[in-house]
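Asks: Residue numbers (the working numbering), protein chains in the order written: chain W, 1 to 68; chain F, 1 to 248.
Some hints here could point you the wrong way.
Claimed, not checked - Which residues of chain F face chain W? A partial, calculated answer using Cβ under 10 Å:
#1 83
#2 97
#3 101
To be verified - Footprint (simulated), chain F over chain W, 3 or more residues, beta carbon under 8 Å:
#4 2-10
#5 22-28
#6 36-48
#7 55-63
Calculated directly from the structure, the hints in this document are not laboratory data. Even glycine gets a Cβ: it sits at the ideal position worked out from N, Cα and C.
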Amino acid sequence: MGARIRAFAAFWYDFVIGDDWLVAAGVVISLALTYALSQAAVPAWWLVPLFLVLLLPVSLWRATRRGS
Amino acid sequence: MGTGALFIAVFLACVVEAVEATTIVLAAGTARDWRSATSGMAGALAVLAIVVAALGPAVSDVPLRGLRLFVGALLLVFGLQWLRKAILRASGHKALHDEGKIFAEQLATAAAKPRRSAGLVPDWYGFTLSFKGVLLEGLEVVFIVLTFGANQHDVGLAAIAAACAVVLVAAVGVVIRSPLQRVPENTMKFVVGIMLTAFGTFWGAEGAGAHWPGSDAALLALIPGIAVLALALVAVLRGNPVPAAERS
Numbered sequence: 001m002g003a004r005i006r007a008f009a010a011f012w013y014d015f016v017i018g019d020d021w022l023v024a025a026g027v028v029i030s031l032a033l034t035y036a037l038s039q040a041a042v043p044a045w046w047l048v049p050l051f052l053v054l055l056l057p058v059s060l061w062r063a064t065r066r067g068s
Numbered sequence: 001m002g003t004g005a006l007f008i009a010v011f012l013a014c015v016v017e018a019v020e021a022t023t024i025v026l027a028a029g030t031a032r033d034w035r036s037a038t039s040g041m042a043g044a045l046a047v048l049a050i051v052v053a054a055l056g057p058a059v060s061d062v063p064l065r066g067l068r069l070f071v072g073a074l075l076l077v078f079g080l081q082w083l084r085k086a087i088l089r090a091s092g093h094k095a096l097h098d099e100g101k102i103f104a105e106q107l108a109t110a111a112a113k114p115r116r117s118a119g120l121v122p123d124w125y126g127f128t129l130s131f132k133g134v135l136l137e138g139l140e141v142v143f144i145v146l147t148f149g150a151n152q153h154d155v156g157l158a159a160i161a162a163a164c165a166v167v168l169v170a171a172v173g174v175v176i177r178s179p180l181q182r183v184p185e186n187t188m189k190f191v192v193g194i195m196l197t198a199f200g201t202f203w204g205a206e207g208a209g210a211h212w213p214g215s216d217a218a219l220l221a222l223i224p225g226i227a228v229l230a231l232a233l234v235a236v237l238r239g240n241p242v243p244a245a246e247r248s
């Protein structure tokens with residue numbers, strides 16, 4: 001039973017998070033900051049694209065460094 | 001986003017998933033037993049239909065802003081995963097996705113397994129191989145259809161685009177009875193990664209309360225902008241080649 005639950009959790013982790021948890025964490029942080037800025041009536045549309053420009057190279061650098 | 005862009009985005013994403021599912025069903029049918037493979041495929045399609053029937057109305061009832069935040073976040077994570085792999089493949093840091101090679105590997109694995117019947121299924125391994133392959137790839141199709149469709153208030157059009165992709169790929173697979181190696185899958189994955197990332201960025205930020213300059217027209221800048229970033233990263237990574245042994 002425990003093995004099945006672990007396998008189920010592993011499937012959803014792989015399905016949603018994938019190879020690099022940093023990407024998912026970065027997405028959540030960027031959207032949380034966007035929400036905070038927009039609540040303060042500050043233009044926030046640029047924040048997610050900025051995170052994208054930073055996240056993608058870092059994730060690729062991590063992938064090439066470990067040879068995957 | 002116009003209906004044309006919705007159709008193209010869903011169609012391309014679903015072609016990629018359908019090609020992968022078709023390869024698995026073909027391997028199960030060729031190496032094991034066609035009746036079991038088609039039963040497995042039919043079983044998975046029935047489960048997917050239940051998932052759509054259960055989730056479809058629920059997704060449509062979620063308030064648009066909350067839906068866009070949730071869906072945007074997921075699309076962004078999915079899109080970045082696709083794009084990351086596509087960039088690694090295009091730059092030579094990861095082996096290209098080769099349906100022919102995958103088919104041969106699955107064929108060899110399937111042929112080595114002992115035959116065991118269960119109930120009306122003549123070959124249980126062929127059934128489960130086909131069932132799991134179609135279900136897993138199909139879940140991604142369902143996710144793409146429901147999220148794109150619900151966000152644009154046009155689940156019907158998204159479903160038609162997905163159906164066109166699945167029927168087209170399945171028909172070609174049935175006719176040629178071999179993996180669809182000529183489909184430019186790596187290029188399509190690159191394009192789909194760009195589109196999922198762009199739509200995820202747009203909807204996610206909007207769901208979090210941001211207002212895009214030019215509203216929907218911002219996508220016309222986001223899509224080419226992300227494409228340029230991805231191509232630039234491919235060029236940079238090509239300048240740092242890795243030994244073939246490190247590619248996987």
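Asks: For each hint, tell me whether it holds in the structure or not.
Replies: Hints versus structure:
no., hint, verdict
1, 83, "holds, 7 Å"
2, 97, "violated, 14 Å"
3, 101, "violated, 18 Å"
4, 2-10, "violated (count 0)"
5, 22-28, "holds (count 4)"
6, 36-48, "holds (count 8)"
7, 55-63, "holds (count 6)"
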